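Each chain, written out:
Protein chains: 2
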Amino acid sequence: MRFITTPLLPLLKDEGKDDMTINFMLNIDKQYMRQCFELAKKGAGKVSPNPLVGCVIVKNGKIIAAGYHKKFGGAHAERNAINAALKKGISLKGANLYVNLEPCVHFGKTPPCADYIIEQNIGKVIIGCKDPYYKVSGKGLAKLKKAGISSTAGILNSEAQELNKFFIKFVTTGMPYVMLKAAQTIDGKIADDKYRSKWISSANSRKAVHKLRAVYDAVLVGKNTVIYDNPQLNVRNVKGRNPYRIIIDKDLMLNNKYKIFKYNDGKTIVLFSEKTDMKRIENYSATGVTLIPCKMIKGKLDFKDALKKLAEMDITSIMVEGGAYTFNEFLKNNLADEVMIFIAPKIMGRGLKGISERKLFEKFKNADYSTSGADLLVNLRR
Amino acid sequence: MRFITTPLLPLLKDEGKDDMTINFMLNIDKQYMRQCFELAKKGAGKVSPNPLVGCVIVKNGKIIAAGYHKKFGGAHAERNAINAALKKGISLKGANLYVNLEPCVHFGKTPPCADYIIEQNIGKVIIGCKDPYYKVSGKGLAKLKKAGISSTAGILNSEAQELNKFFIKFVTTGMPYVMLKAAQTIDGKIADDKYRSKWISSANSRKAVHKLRAVYDAVLVGKNTVIYDNPQLNVRNVKGRNPYRIIIDKDLMLNNKYKIFKYNDGKTIVLFSEKTDMKRIENYSATGVTLIPCKMIKGKLDFKDALKKLAEMDITSIMVEGGAYTFNEFLKNNLADEVMIFIAPKIMGRGLKGISERKLFEKFKNADYSTSGADLLVNLRR
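Chains as they are written, first to last, in my numbering: chain A, 5 to 386; chain B, 5 to 386.
If you are wondering where the hints come from, they were derived from the structure by calculation, not from laboratory data.
Just so you know, these numbers come straight off a predicted model, no measurement behind them.
Using N, Cα and C, we set each Cβ at its ideal position, and we do this for glycine too.
A couple of the hints might just be wrong.
Said to hold, decoys possible - Think about it this way: if two alpha-carbon atoms lie no more than 27 Å apart in a straight line, the pair counts; the simulated DSSO-like pairs of lysine-lysine are:
1) Lys-202(B) x Lys-211(A)
2) Lys-367(B) x Lys-369(A)
3) Lys-357(A) x Lys-139(B)
4) Lys-202(B) x Lys-369(A)
5) Lys-149(B) x Lys-357(A)
Said to hold, decoys possible - Distance windows between CB atoms, simulated:
6) Gly-377(A) x Thr-375(B): 16 to 22 Å
7) Gly-377(A) x Gly-77(B): 32 to 38 Å
8) Pro-297(A) x Arg-385(B): 30 to 36 Å
9) Asn-241(B) x Glu-366(A): 55 to 61 Å
10) Thr-177(B) x Glu-366(A): 43 to 49 Å
11) Asn-208(B) x Asn-125(A): 44 to 50 Å
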């Protein structure tokens, strides 16, 4: 992210702006907004279930202070930025404050940001997207305007929403954001005929997956993936905290010999049928995992009920890492928000078929492509 | 292709060139060579089995004439460029001649270009790649040097070879260049469970295929593709001539109701087993196609024998358009030089599996990716 330090504001304050000047102003606003995005991202993996928020304060065409929401329960981005300016002894009177999400008006773990902005006599507030959370939605903007602060929302609106897609899904639906991540060959296989799936994708793609694990609240796999792959589902080769590890094991058939049950961080969760024999539950509990009983529908685990229960634990985002049955159940039940498929330039021949739920896949209208090492990355969005 | 018209040569002619000057010269040479490539491409689809050749002649830092090989049997690129200059009354003495392929030294349909270059007192000849054809290979360069013309080969060597990959394969092996072209879904299906394959890929990709048909000498399909798709295999929506249409129909089971047998241009070829009942052959001949009897190996048509016979008809390049059995046979027999797979961002679910020959696919070490409308294009090369 390149940032322009030359004072630009003097060019903008005249009345009778022509179209070019207005475009120019919008571009400046967008540049500062992108700065907010970059700051906000620093909180990824640390602030959940809160949103990612970054803030820059601009005076006379220069950024005089910046801040971001660093961790859950800590000060909000706006407060951090304002305090940084005050610490340097700079008055904020008439300054422009840029923030990617609408400032809050409610008392949560911290006092409301809108009030703090008003107290400091900030001149103008430029907002990325409105906060859809019912306690804030539109109220932050209204409060600022009522206090006489010229405020505007919707600068890079869709990028701002994309940045907080986990948070937005969570607060608007009470469900976590679900992304299905698969690695397959050109012929659509996710494992060979002996269920071996390791090293299908390139080192680059595996690294990308570890980066994703560091920002998703949780990763989820089906029972068979635990049996055949014995995965650790932790963050390796990149910096970042480990996510929750969720296993679907309807009948509690697994045991503590698998790597996933060796952690002592309380972040392993098993989803199982509420109809499972109580005796099995007792055996399983000995491994120190969190057990969540879920409803059943026609002999299958009710994925929707499971997701609701995970949301109650403040899990806002889940990356589903397999296997094929689990992927297809999420698609069949229309519970996936996004799909990422790493396609390795290899042919497996005989092997295990990956994602193949045709009818529901059709709901993903937007495909983005990129390369990831030797692989292709297909990113499907609704 | 941007071309620099400012006279640059005066900068280059001093002795004691430093590294920067040499680099600069090489870049100039590359620019002119790229001009040759662009000219050469204009002959695509028209000059086979001859190579694609373009030529520019430069004097005092300006292109004074250019030419390319326009059609099979016509004058070569060098001759066209030289004649263009002579027509304008420009002397070629001391000029630099750029050509993407080594000038010929043998009498074919036209007299040797090397002699013509020497006659004109050209100062220097800069060549893309050597001509691997045994009648020319290295001899053109040697003849020019012997005549005292400073000559160099290998400017953008690999691009020059890529440009003439059909010709190079043909003259060095006596076999056509074979490219397998498939369109599939993300789950590796090339048709649905009723063998319907139309519209898997985007309009862009279909247009790209028509462009390929206009430059490949021939397209080839198996019998089942004729039955299920009833394709025309001609060039539509883009400019260009129709290729030969080759059908593999071992036992001559097809009949003249299919679209592919409605042409009267003598460009439909059927490959069949030499052991097929003579009576069947007579029936088939009535549709006016060229019938090529081929050897059999273990009850299967000998693809290698078939390709050799097609090469004898001066077919230097074949695009294989399906189906799955045909693709996999080419791979099994190690007869494919290149694979192009258009991957549509769709899931088919139940359907017909595409390319799945794992072992031989591994020979394709180089994967290039690009987008084609809504599709991905995976281009695999050895």
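Comparing the hints with the structure gives:
no.	hint	result
1	Lys-202(B) x Lys-211(A)	37 Å, violated
2	Lys-367(B) x Lys-369(A)	35 Å, violated
3	Lys-357(A) x Lys-139(B)	52 Å, violated
4	Lys-202(B) x Lys-369(A)	20 Å, holds
5	Lys-149(B) x Lys-357(A)	61 Å, violated
6	Gly-377(A) x Thr-375(B): 16 to 22 Å	18 Å, holds
7	Gly-377(A) x Gly-77(B): 32 to 38 Å	48 Å, violated
8	Pro-297(A) x Arg-385(B): 30 to 36 Å	54 Å, violated
9	Asn-241(B) x Glu-366(A): 55 to 61 Å	26 Å, violated
10	Thr-177(B) x Glu-366(A): 43 to 49 Å	45 Å, holds
11	Asn-208(B) x Asn-125(A): 44 to 50 Å	55 Å, violated
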